[in-house]
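Could you put the whole structure together from the sequences, leaning on the hints where they help?
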Amino acid sequence: MSLLERHRNIIDFALSSLGRRWKKNIALTLVYAFTVFTLASVIFFTEAVKREARAVLQGAPEIVVQRLMAGRHDLIPAVYIDTLKKITGVGQVKGRLWGYYYEPSTGANYTVVASGNPPLEPGTIAVGQGVSRTLHAAEGDLIPLKGADGAYVSFEVTRVFSHASELVSADLIEMPAGDLRAFFGIPEGFYTDLTLKVRNEKELVVVADKIRRLLPDTRPILRDEILRTYDSLFDWRSGLLLVIFAGAVAAFIIFAWDKATSLSMEERREMGVLKAVGWETSEVIAMKSWEGVIISLTAFFGGTLFAYVHVFFSSALLFEPVLKGWAVLYPRFQLVPHIDPYQVLALFFLTVVPYTVATVIPSWNAATVDPDSIMRL
Amino acid sequence: MVELKHITKIFNRNRPDEFTALEDVSLLVEARKATVFKGPSGSGKTTLLSIIGAMAKPTSGRVFLDGREITSLPERFLTEVRRRTFGFIFQQFHLIRGISALENVMLPAYTTGEKHAALRDRALRLLDLFGLAAKARSRVEWLSGGEAQRVTIARALVNDPAVVIADEPTAHLDTKLSKDFLGIMAQLNAEGKTILIASHDPLVYESALVDRVVEMRDGRLRGSGQAA
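Protein chains in written order, with my numbering: chain A, 1 to 377; chain B, 1001 to 1228.
Since the hints were derived computationally from the structure, they do not count as laboratory data. Misleading hints may appear alongside valid ones.
Stated by the list, open to error - Listing some non-contacts, in silico: residues in chain A with all C-beta distances to chain B over 12 Å: (1) Lys94; (2) Arg213; (3) Glu283.
Claimed, not checked - Covered by chain A, according to a simulated footprint, are these stretches of chain B (three or more residues, beta-carbon under 8 Å): (4) 1044-1057; (5) 1075-1086.
What the hints assert, rightly or not - Pair by pair, the computed Cβ-Cβ distance ranges are: (6) Pro1202(B) with Pro354(A): 51 to 61 Å; (7) Val357(A) with Asp1121(B): 32 to 42 Å; (8) Lys1115(B) with Leu345(A): 27 to 37 Å; (9) Val357(A) with Gly1183(B): 47 to 57 Å; (10) Ala250(A) with Asp1174(B): 54 to 64 Å; (11) Ser16(A) with Gly1131(B): 18 to 28 Å; (12) Gly1131(B) with Ala250(A): 52 to 62 Å; (13) Pro354(A) with Asp1174(B): 45 to 55 Å.
By construction, the Cβ of each residue, glycine as well, lies at the ideal position given by its N, Cα and C atoms.
If you want it as structure tokens, here you go:
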């Protein structure tokens, strides 16, 4: 109890000591918290988006088969479906119809897909939130879209996808398969690509290898490959953002190092007084260490908390253009709050520990002063 | 009772600016008496007080406190001895600016592990004793010279030391405040505390409070100060 009381008293004094230099300490804490906020925001956001993408792709087909023509994606004949069905281990094979539609008036590129279940009525479409926002289209509105033959076709919006699915549906226009074929000029007997369900996941690589041999003009794309691409894409983007903020981080390190490693004459005098009135060297160091711990923990928790709110409640407002990457269609969605304890721990050790250690070194130097030095001042 | 045996203190040893502050000083300081160390600046009074008060270690010689040799104690134990036995009143007061008079008084006891509330009550009682209850929450830089010195005295007494050491306590006080200070010291002495004062102020060493005057010059004791 006595040890606890002793440290309680020392912390009390450390707090009052920080309060005496409040302007300097608040400035330091704010810069420190901003640095933590930036790093934590990037970490939280990248991880949450990756998790979101992984969750969405869990429902995606195990293998997508695309036909290549001169190294580029081409329409795939429907007859390939029968060939694929004969491969051992392959369950269901389906043809997909989709394409991209560029709208010059908004500068946005939309993804058009054939409707699944329930199918849409001819002449109607369902659109994502991004499409609805950019085209100012609500349910019941008619939207003219320019088809492959250059003629405009009007579609009635019968549904706008919910916010919950916005990450994947922001740029989506869903239309009946027949309308899509007519709109893009895709002939019957062809699909954009084919999707495969494989009964045993362990056989995916073997099945992909068989596809390459049976249909040499196609490329099988595994779901895991898409996941890896997403991961590396978001890793690359978060890295880019960290490079941008590296200047701010470096400035903070210099500022914090200067503050932590140098003591003012007034602080040195105070440490001399403490020694003279009966504090041990270790107690003076403990007091200065508590000051460092209070500042760094306040900045760490403040920065992390703001990063949490920023990422999960304000859709990472400050750097979404870099991280999300859409030029026009910023999805407005709320990420599912999730924190990886290992990442938070890593952030803690990269920010709190170095600062606290940096404060101890100069304090140790000053605290080893002879207690009688104050008598000679 | 403090006994010094052949104390020598050399600063900046083996350097060009080496100087001897105390040379072969032997002295017996009696408990519950008021002793004044008198002498010009540079005579070694402050150095002697810091060695008696376990603030500094001598270059050679030994210090005994109530018969126990304390010179060879490691810093941790020496600090404990200093905290429990001695209360210091500095010439420049050395109060910590920006915090209240009350916090300044509590400061020496923060590291004893005593409960904060009990410590606070004791500090408030001391401030009240010196007529400073109304100024307890005032920052020390707002206090007058006399008030600041009384805060320093309260701080020196917060751990209830047996010995009160004052270094040139009247150097920044006028005659009235100096007399007030001597009155407080007389009261503490009457309560059984040992008083040690370094001063070259006649008001102090000619005071009725003083039991013994030890004269110093050039780091040595002169006349009756020198132990037999």
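Hints, verified against the model:
{"no.": "1", "hint": "Lys94", "verdict": "holds, 73 Å"}
{"no.": "2", "hint": "Arg213", "verdict": "holds, 80 Å"}
{"no.": "3", "hint": "Glu283", "verdict": "violated, 5 Å"}
{"no.": "4", "hint": "1044-1057", "verdict": "holds (count 6)"}
{"no.": "5", "hint": "1075-1086", "verdict": "holds (count 5)"}
{"no.": "6", "hint": "Pro1202(B) with Pro354(A): 51 to 61 Å", "verdict": "holds, 58 Å"}
{"no.": "7", "hint": "Val357(A) with Asp1121(B): 32 to 42 Å", "verdict": "holds, 38 Å"}
{"no.": "8", "hint": "Lys1115(B) with Leu345(A): 27 to 37 Å", "verdict": "holds, 35 Å"}
{"no.": "9", "hint": "Val357(A) with Gly1183(B): 47 to 57 Å", "verdict": "holds, 51 Å"}
{"no.": "10", "hint": "Ala250(A) with Asp1174(B): 54 to 64 Å", "verdict": "holds, 56 Å"}
{"no.": "11", "hint": "Ser16(A) with Gly1131(B): 18 to 28 Å", "verdict": "holds, 25 Å"}
{"no.": "12", "hint": "Gly1131(B) with Ala250(A): 52 to 62 Å", "verdict": "holds, 56 Å"}
{"no.": "13", "hint": "Pro354(A) with Asp1174(B): 45 to 55 Å", "verdict": "holds, 53 Å"}
The structure fails hint 3 only (numbered hints given earlier).
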